[in-house]
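Working from the sequences, and respecting the hints, build out all of it.
Residue numbers (the UniProt record's numbering), protein chains in the order written: chain A, 1 to 240; chain B, 1 to 240.
Hints are computed from structural coordinates only; laboratory data are not their basis.
Nothing false has been slipped in among the hints.
Pairs count within a copy or across copies, as identical chains cannot be separated in the list.
Only pairs whose alpha carbons sit at most 30 Å apart, straight line, appear in this in silico DSBU-like list of lysine-lysine:
(1) Lys141 - Lys197
(2) Lys141 - Lys128
(3) Lys128 - Lys197
(4) Lys159 - Lys63
(5) Lys85 - Lys63
(6) Lys64 - Lys85
(7) Lys64 - Lys159
There are 2 protein chains.
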Amino acid sequence: MSYQLHYWPGIQGRGEFVRLALEAAGAPYVDVARGDMEAMLRYLDDDSVQRPPFAPPFLVDGKKVIGQTAAILLYLGPRLGLVGKSEADQLWTHQIQLTVADLVTEVHDTHHPIASSLYYEDQQPEAKRRAQDLLKNRVPKFLAWFEAILERSPRNAGKEVPHLVGARLSYVDLSLFQLVEGLSYAFPKAAARALRKAPRVLALHQGVPRNRRLAAYLASERRLLFNEQGIFRRYPELDR
Amino acid sequence: MSYQLHYWPGIQGRGEFVRLALEAAGAPYVDVARGDMEAMLRYLDDDSVQRPPFAPPFLVDGKKVIGQTAAILLYLGPRLGLVGKSEADQLWTHQIQLTVADLVTEVHDTHHPIASSLYYEDQQPEAKRRAQDLLKNRVPKFLAWFEAILERSPRNAGKEVPHLVGARLSYVDLSLFQLVEGLSYAFPKAAARALRKAPRVLALHQGVPRNRRLAAYLASERRLLFNEQGIFRRYPELDR
Chain A
1 MSYQLHYWPG
11 IQGRGEFVRL
21 ALEAAGAPYV
31 DVARGDMEAM
41 LRYLDDDSVQ
51 RPPFAPPFLV
61 DGKKVIGQTA
71 AILLYLGPRL
81 GLVGKSEADQ
91 LWTHQIQLTV
101 ADLVTEVHDT
111 HHPIASSLYY
121 EDQQPEAKRR
131 AQDLLKNRVP
141 KFLAWFEAIL
151 ERSPRNAGKE
161 VPHLVGARLS
171 YVDLSLFQLV
181 EGLSYAFPKA
191 AARALRKAPR
201 VLALHQGVPR
211 NRRLAAYLAS
221 ERRLLFNEQG
231 IFRRYPELDR
Chain B
1 MSYQLHYWPG
11 IQGRGEFVRL
21 ALEAAGAPYV
31 DVARGDMEAM
41 LRYLDDDSVQ
51 RPPFAPPFLV
61 DGKKVIGQTA
71 AILLYLGPRL
81 GLVGKSEADQ
91 LWTHQIQLTV
101 ADLVTEVHDT
111 HHPIASSLYY
121 EDQQPEAKRR
131 AQDLLKNRVP
141 KFLAWFEAIL
151 ERSPRNAGKE
161 VPHLVGARLS
171 YVDLSLFQLV
181 EGLSYAFPKA
191 AARALRKAPR
201 VLALHQGVPR
211 NRRLAAYLAS
221 ERRLLFNEQG
231 IFRRYPELDR
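Spelled out as structure tokens, the structure:
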């Protein structure tokens, strides 16, 4: 049976981290809300759902309804062959994923530092200040951590394309690829500057699309373009 | 062997969610950084750590080093008897924990909406705007979700003290208890107002300290008081 992925249509957003895993594994899935928003909203709003997700994205697998991006990937990882078999590897992969998620939230807050319920234009001065801190302090700190992990992993010695955990592609490699994609879209100047100090992260970003199924997905119309409704938004005034 | 918990001394912070689980289960643990900050910093900074945590809190269990609060609780839950046995229950409990963590981050950002690297005083106007949105929109939305979960769980029918998952205390009950404690400390007026619409959350908050080990901990000097260096800070100008 197909997995059902429910996420806001029209943006990559947090749903994309799940989508990349499903696509790279060649797993059968339906992107439900692209055809039927009502089905998604029923899971969120209907009193009969005993374990309702707080927000999209969420995955439906038979009777199971799983929300929270990192929890979805924790669940899918072993089923899609996108994580190591040991408890230690699975927990470490999840821990890196949660840290990716933390940075994604900080990126979101550069354009919405005051309230998600307000327009960007109504919090633009604050957005400039917050983006400046993100690009000066936070992005370099996170990239240095990913770089250290890639450097210290013994399975990466001598490899052209490193992996975050073990010797094979895992879902968190896909997520770091997406993070670099997003940062490079939103902040082309600052991201390029920061990535110069993270050569292994760059090598991973370049190498991930060697996965043929992923490359086919990225070239397809299923891959939405980044835009200014998503998490990674290109507002040139924030890219300093 | 004892678990080692590493977290900034002097504040409850995110470490407290782990501490409550260890205390409620009566698990042997050492709060390392309260005596030895150097040991904590070594894990963060030393190149020889192959899988370094990004930030405290982290747990050391033998050779395993586990960062990210929710991942630590995912690991500890089954070992401490603080989560159900099925994969579905464990994933659902984790999903709720991740949602608690999201709100904790939003609370942190009320006093640091621009940058963690700046003082509160340097971002106070922004803090007022962000706190207003949090208390008007976000806290009620999260509390309504917790309330719905408590209401819909069939095991809570007729119970004086409800649980988030199943019929027994789980680590996420402890986390929701702590969240209510923190909100009530930081925003006494707004939290009381919001909690009036979440009677089951209030009942859980009142009932959790019936766990005797937890009650003993809360009355001990090991339980630090909330203060204005932690996540939940009482700045009266933000409590509207």
